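Peer 1: All chains should be built: construct the whole structure from the sequences, respecting the hints.
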Amino acid sequence: MELSPENPLMAEPQIETAHAEEFVEQLRCVTDTLPSRINIDAQSVEQGLAKLVLTLIEFIRRLLEKQAVRRMEGGDLSPEQIEELGLALMKLEAKLQELKTQFGLTDDDLNLDLGPIGRLI
Amino acid sequence: MSSSFDQMIVTEEWESTDLSLLETLDHVLNRGLVIAGEITIAVADIDLIFVGLNVLVSSVETAHEVLRKRQTE
Amino acid sequence: MKLYAYCLVEDLDAFDPTTRGISGAAVRSLQIDDLAVLVSDFNADTVAVTKENALDHAAVVRSVLDRTAPLPFRFGTLVTGQQLRSYISARKPALQTRFEHVRGCVEMSVKIIREISTDNETPRDDITSGTSFLEEKRLALLGSEQKAAEATEISTWLHEQVNGLIRDEQATVRSSEKLVLAAAHLVERDKIPQYKERLAAARKNRPELHFLFSGPWPPYSFANIELEFKTQFGVS
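Chains as they are written, first to last, in this note's numbering: chain A, 1 to 121; chain B, 1 to 73; chain C, 1 to 236.
Hints in this document: simulated from the structure, not taken from any laboratory. Just so it is clear, the structure is predicted and the values come from calculations on it, not from any experiment. For every residue, glycine included, the Cβ atom is placed at its ideal position computed from N, Cα and C. Take the hints with a grain of salt, since some may be wrong.
No more than 27 Å apart at the CA atoms, straight line, and that leaves these computed lysine-lysine pairs for DSSO-like [stated by the list, open to error]:
id	chain 1	residue 1	chain 2	residue 2
1	A	91	A	66
2	A	66	A	95
3	C	178	A	100
4	C	178	C	191
5	A	66	C	178
6	C	178	C	147
7	C	178	C	196
8	A	51	A	100
9	C	204	C	147
10	C	204	A	51
11	A	66	C	204
12	A	66	A	100
Partner residues are not named here, just some residues of chain B that face chain A (Cβ under 8 Å, in silico) [to be verified]:
id	residue
13	20
14	22
15	23
16	26
17	34
Each pair of labels, with its calculated beta carbon distance range [as the list claims (entries may be wrong)]:
id	chain 1	residue 1	chain 2	residue 2	range
18	C	152	A	53	27 to 33 Å
19	C	144	B	20	50 to 56 Å
20	A	53	C	96	36 to 42 Å
21	A	76	C	153	29 to 35 Å
22	C	188	A	76	50 to 56 Å
Peer 2: Laid out in structure tokens, this is it:
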């Protein structure tokens, strides 16, 4: 099809769905993940950095949990080892929760979009 | 990482239930050519590319630079 | 004085000089090598993410779509002329490849919502032993693996539906969310009617899924040239 000013194929983007409200609800996270107004005082900068650091730690923590479950399923851990591993991870989860509270961050705050990998959580 | 592109993105509080606006935002905010580039962070054996992190980090960076400038004025 | 950059175009004639951009500023085309950048003057250091600015950005990029496929910049791209020049000359070959890839095409979007159960997601308060902690995690992991399998199936299914009618696909799969799939398809202009028909029929075969179709868009999802990535995970 020839492209020319006399033959404008392109209309404005049309949207077609039978579930507008549902999609609005889901797409609003686009705006929710934008950084909010930047206050250039030390506390906010600190919080931004804390968010970064805690997200990385949270990511690693989840990987560790998955690894632990895999090993447990694999049957090469004794019951005592499973118990110890579980307790350690339980404490790690609690500690991280403490840190999140200290910095006033919620799970949503740490749910960064990792691009092709998707959301963290 | 040094950000030589001094841009901050600031949002205002606003509500929108307009689906076509949200679709438009999804296209213009999340996609397109990115001049500032990406950050590669290696954690153990894992290379991760945080494309979305770009905005957050450059915002924090820029705030730092402003603070530093103020202290030297 | 900074420039707000909207998009790259290969075809200079495609630009209508009466276009208005962010804050009503006049949009002009800046020629760099044999490419052109659509820019407008911008006299602040920050770009507010507002409805007006987003729509203005989209409108400028959209304004050339009738005649050519642009490479849109992400919203908020503030640069100097010099930075643009460096960027373009450093990445010329990659940009040429991108233009070849999107030439003659537009972007169509498909988003899919599916219901998911949220069992196993709230942690119980009564867990005191390490073993039951891990057991809960194991169940949760099973649940998320199943959701991941479903998500992959949906993504594969969609791709099969449009295979042959699209030049490229960019899909984001989020297995733990209701919005399980957000796909962008690069479609040649003359294939659009067929593409739409194919999807209309396909949608009837999956009544349990909720669909959103939108387009045509300029090729936002196929513009970025630094999309190579390597991911290696010990666990998936």
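Peer 1: What hint numbers does the structure not satisfy?
Peer 2: 4, 10, 11, 17 and 19
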